[in-house]
Every structure is written in structure tokens, then in C-alpha cells.
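Sequence order for the protein chains is A and B. The numbering used here numbers the first residue of the first sequence as 140 and each following residue consecutively. The numbering used here numbers the first residue of the second sequence as 46 and each following residue consecutively.
Check each hint, because a few of them may be wrong.
[Said to hold, decoys possible] Reference excerpt, derived from the structure (chain B facing chain A, CB under 7 Å, subset only):
#1 MET71
#2 GLN80
#3 SER116
#4 ALA152
#5 ILE153
[Said to hold, decoys possible] Not the full set, but computed from the structure, chain B residues with beta-carbon under 8 Å of chain A:
#6 VAL50
#7 ASP83
#8 SER84
#9 ASN87
#10 ILE89
#11 VAL106
#12 TYR120
#13 PHE123
#14 GLU129
#15 VAL144
#16 THR147
It should be emphasised that the hints constitute simulated quantities derived from the structure, not laboratory data. Built from N, CA and C at the ideal position, the CB exists for glycine as well.
Next come the chains, spelled out residue by residue.
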Amino acid sequence: MTLSRRDFVIGAGCGVAFASMTSLPAYASLVEDSIAAFTGGADVVSGDIVLDAPEIAENGNTVPIEVSAPGAASIMLLATGNPVPAVATFNFGPLSGSRSGNTRIRLIKTQEVMAIAKMEDGSFRSAQTTVKVTIGGCGG
Amino acid sequence: MAKNVKPRVKVPKSAAAGETITVKTMISHKMESGQRKDSDGNKIPRSIINRFTCDFNGQNVIDVTLEPAISTNPYLQFDAVVPEAGEFKFTWYDDDGSVYDTSKKIAIG
């Protein structure tokens, strides 16, 4: 009698519970203040801007972020859950090759990262993405 | 004055006229955010690089405002157009008033 070879499949079924993304009111108003200071109260439309950030950041001290918005004059980055939401503002000069920037930022916790671009025609575009900062859930 | 601040920049040695090139820059700096506390519970005062600029032959390429949320040893990558042979000038501005700069030449060919 031969034993049939058994394949053990380790199930990766693991539900990841997403906490509700309600940020604290104090932080929210700081974010709104930063946006208002940048846009001067103008309407912000989403789209025409690409914000590239990791879905899960293992180390909140250095999270690589890339942002690009063709036709932008400047781009502001905001970390909506940080004690100070402002992260950086890229102002593009006449010799800027593409309206993009790449840097590494600090995130204190899981939160939304936001980018707002001021276009050359004076309009504003925004994009946001959630970055999960703590290691948790599956295989944590 | 922060100690051991060393700027590092990566630029191609040559490019075609009008070509868009990628520039990578990094400067060693602790970027103290002003949020941390020492062992006695006192706030460590903020000490960061608050501005970075890059110019090519006197024309601006990028001017970045940095906040405390930028990581230690701030790294920046961006694209620049090279219309002619010349020199990139990179400047970092420290909270304490220090200014660090470096430059890189690029040839056409």
C-alpha cells in the first residue's frame, strides 16, 4: 500500500478589517486650513493627477511617495492624519522636465495621503490614497 | 549647525540637447520634527531642511518647500530639461540659517 502524497495548502483566507477612516476633527480642520491656504478657497476637482504610494508601508518613517500632474505649476502633499498635515510643496520652474516629484515621507499612522496640484490655468486638481502604516492582518 | 551634512546628487554625465533627465538628490540630515521628546519629557526643538532648490544655468528647475513630515536624510527625485551644456546648482536651506550647496556639470553629446 502506498501512501498518496498530500499537499497541504495553507489557506490565506484572512479577513482584513478596515477601521473606519474618520479622522479627528482637530486634524480635519488643520487639513482644511492647509488646503485653503494653498487654493485660496478655489474649487478642487479630482483627477489629472497621479499619486503613487504603497498600500501598506512597513515603516512609517520612510514611505516613498511619487506624484505627477502634467500641466501643474505646483503640487502640495498632505498627510491628513499627521499632527502637522503639510508634507511638502513642489514648485516647478521653467526647466522642469515633467511635473512630477518623488520623495520619502513620515506617516504617524494609517491615513489618507493627499496631493493637490495648482495647474497652469489656475484650476486645482486633487488625488488621494490610503496608506496602511502598521503591520497587521494577514501574516502580521 | 547640524553636523556632518553631506549633499549627494546623481545627474547623468551627458544628455542630448533638449532631453529630459532624471535627477536624484539626497542630503544627510536628521530632520528633527519638533514632535519628539527626550528622556526627560522635554520637546526636542525642530531642526529641519525647510527648502530645496535646483537651478540650471541660472534658470529654475524646481523649488521644494519641505515640512517636518519629510523623512530623515531627505531624498528628492525629479525631472529636468537640459537645453544646453551647463551646470546644475542644488541648494538646501536649514532651519538654523545654514545653506548647503553643490553643483554638477552636464555635457551635451
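*Of all the hints given earlier, name the ones this structure violates by number, lowest first.*
Numbers 1, 4, 5, 6, 7, 8, 9, 10, 14, 15 and 16, in rising order.
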